[in-house]
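A.B. asks: Listed below are the residues making up each chain.
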Amino acid sequence: MSDTLLVSTRKGLFTVARKAKQWAITAVEFLGDNVTLALSDRRDGRRYAALDHGHFGVKLHRSTANGWEEIAAPTYPPKPDGYEEHDMWGRPLNWSTARVWALEAGGGDEPGVIWCGTLPGGLFRSSDRGQSWDMIRSLWDHPKRKQWMGGGADLPGIHSICVDPRNSRRVWIAVSTGGIWFTEDGGASWTLRGEGMRAEYAPPEQTHDPIAQDVHCLAQCPTAPQRMWVQHHNGIFISSDEGKTFTEITGVEPSAFGFPVVVHPREPDTAWFVPEIKDEKRIPREGKLVVTRTRDGGKTFDVLTKGLPQSHAYDVVYRHALALDGGGERLAFGSTTGGLWVSEDQGDSWACVTHTLPPVYAVRFA
Amino acid sequence: MVKVVFTPNIQRHVAMPEAEAPGRTVRDVLETVFADNPQARGYVLDDQSGLRKHMTIFVDGRMIRDRARLTDAVGESSTIYVFQALSGG
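Just so you know, the protein sequences line up as chains A and B, in that order.
Positions 1 to 366 (the numbering used here) are the ones given, in order, by the first sequence.
Positions 367 to 455 (the numbering used here) are the ones given, in order, by the second sequence.
These are computed hints drawn from the structure, not numbers from a lab.
Backbone N, C-alpha and C fix where the C-beta goes; we use that ideal spot for every residue, glycine too.
Possibly wrong hints are sitting among the right ones.
What the hints assert, rightly or not - Calculated pairs, EDC-like style, for lysine to aspartate or glutamate (alpha carbon to alpha carbon, straight line, at most 20 Å):
| id | chain 1 | residue 1 | chain 2 | residue 2 |
| --- | --- | --- | --- | --- |
| 1 | B | K369 | B | D426 |
| 2 | A | K306 | A | D348 |
| 3 | A | K79 | B | D432 |
| 4 | B | K419 | A | D52 |
To be verified - Short, incomplete list of chain B residues facing chain A, as computed with Cβ under 7 Å:
| id | residue |
| --- | --- |
| 5 | V371 |
| 6 | P374 |
| 7 | Q377 |
| 8 | D412 |
| 9 | T422 |
| 10 | D432 |
What the hints assert, rightly or not - Negatives, chain A to chain B, calculated, CB over 10 Å:
| id | residue |
| --- | --- |
| 11 | A27 |
| 12 | G54 |
| 13 | A73 |
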């Protein structure tokens with residue numbers, strides 16, 4: 001069970017720790033800077049923070065015994081002379097890291113391996129704790145990669161990375177928008193997965209095309225990896241076969257729209273979501289901030305409200321901003337309006353740590 | 367030798383003191399400066415070695431035109447100013 005949270009915000013990285021049964025901010029790092037994502041590597045205790053300095057680009061920092069050090073940021077390869085590629089808006093696509101949108105540790109048998117997903121769609125792997133990065137060219141050069149489109153941002157990006165706990169060479173990634181991709185050879189080759197998902201915003205010919213799917217977040221149960229959950233742009237989907245096929249969960253109240261999903265580490269049918277009204281109205285329904293939880297694979301949902309604001313709440317919770325600790329009991333989430341809540345009973349009740357943070361991009365248990 | 371001055375705003379992230387280097391183009395001069403300060407390179411240039419979107423460079427008071435290849439000419443006594451553009455917010 002974890003007593004520490006890393007909260008990445010528009011204006012710094014906040015450490016929130018539990019002391020005497022209370023959660024409180026205990027450290028603020030990179031104050032004033034845009035921290036888009038952080039990772040705490042359970043294998044060696046190192047922490048990683050992705051910063052977006054705007055003018056000066058995307059940077060990565062790694063914790064040391066005394067603080068932080070800047071390490072290499074993923075860098076796109078030189079674009080071949082004369083090669084032209086355009087984004088969905090017809091603008092030249094710059095092969096350059098525009099955002100770090102996923103950071104995940106490799107398997108327990110490959111210490112030092114870190115995976116990194118970026119905008120505009122490059123996947124990178126480091127085998128030396130972020131000292132250097134290799135772009136996964138097999139994915140970047142895949143002819144279908146050019147069908148990826150902007151979803152959560154103007155450019156396509158990789159936001160979810162799941163490493164198979166049984167075999168570290170098996171990795172799933174999810175793209176907004178571009179569906180779910182799978183490798184079983186450490187990234188040498190890739191196949192598109194996700195049959196059964198439905199994109200209600202796409203033309204009829206593409207509605208069921210796996211590459212047209214705007215997956216907002218992909219989560220895999222560590223002890224039952226065949227079970228995957230997807231929070232999608234227009235619904236919630238569940239897979240029982242490692243993401244080959246999905247079934248849509250319908251009738252979810254108050255809404256099936258949202259960004260994050262987390263799944264219990266030992267109970268594959270138990271998952272949590274933070275719903276918003278709909279894609280064109282991204283606020284909690286009736287101003288009531290709720291978390292939804294299913295314990296039966298999506299047949300029924302509990303709407304969890306205790307301790308959460310139930311009047312004039314306009315918090316949006318981004319895809320990386322809902323976290324579940326390794327024990328499966330504690331949850332935390334942060335919002336665009338600077339709220340941070342923690343639950344120690346699987347979401348039955350929540351305590352507000354603060355509602356005055358900068359906009360929260362990501363929350364993770366350390 | 368060409369003088370290179372970097373915006374003070376960048377100094378908070380990486381030390382980029384005023385420098386002097388030879389060269390006939392902005393690219394020549396900056397690559398020499400960055401060879402001695404490789405960490406600084408990525409703060410000014412993007413992955414394709416072009417000028418970052420919200421950065422700008424002036425040579426003797428005139429904004430450069432070739433942001434991708436930095437082929438704008440410099441004289442022996444020129445001064446290159448590397449600034450962040452207001453367009454970046």
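A.B. asks: All hints are to be evaluated individually against the structure, with a verdict given for each.
C.D. replies: Outcome of the hint check:
Distance check on the hinted pair: K369 of chain B and D426 of chain B sit about 10 Å apart at the alpha-carbon level, within 20 Å; holds. A distance of roughly 7 Å separates the Cα atoms of K306 of chain A and D348 of chain A; the hinted pair therefore holds under the 20 Å criterion. Restraint check for K79 of chain A and D432 of chain B: satisfied, since their Cα atoms lie roughly 17 Å apart, inside the 20 Å limit. A C-alpha spacing of about 13 Å is found between K419 of chain B and D52 of chain A, which places the hinted pair at or below 20 Å, so the restraint holds.
Annotation: interface hint on V371 of chain B violated; nearest CB of chain A at approximately 16 Å, more than 7 Å. Restraint check, P374 of chain B versus chain A: the minimum CB separation of about 13 Å is more than 7 Å; hint violated. Look at Q377 of chain B: its Cβ only gets to about 11 Å from chain A, farther than 7 Å, so that hint breaks. Taken as an interface hint, D412 of chain B checks out: its beta carbon lies about 4 Å from the nearest beta carbon of chain A, inside 7 Å.
Interface hint at T422 of chain B: violated, since its Cβ lies 10 Å from the closest Cβ of chain A, which is beyond the 7 Å cut-off. Hint status for D432 of chain B relative to chain A: violated, with the closest Cβ pair at about 15 Å, above 7 Å. With a least beta-carbon separation of about 19 Å from chain B, A27 of chain A lies farther than 10 Å from that chain, consistent with its non-interface assignment. A beta-carbon of chain B comes within 10 Å of the beta-carbon of G54 of chain A; the shortest separation is about 5 Å.
The claim that A73 of chain A lies off the interface is violated: its Cβ sits roughly 7 Å from the closest Cβ of chain B, which falls inside the 10 Å cut-off.
Of the numbered hints given earlier, the model fails hints 5, 6, 7, 9, 10, 12, 13; all others are met.
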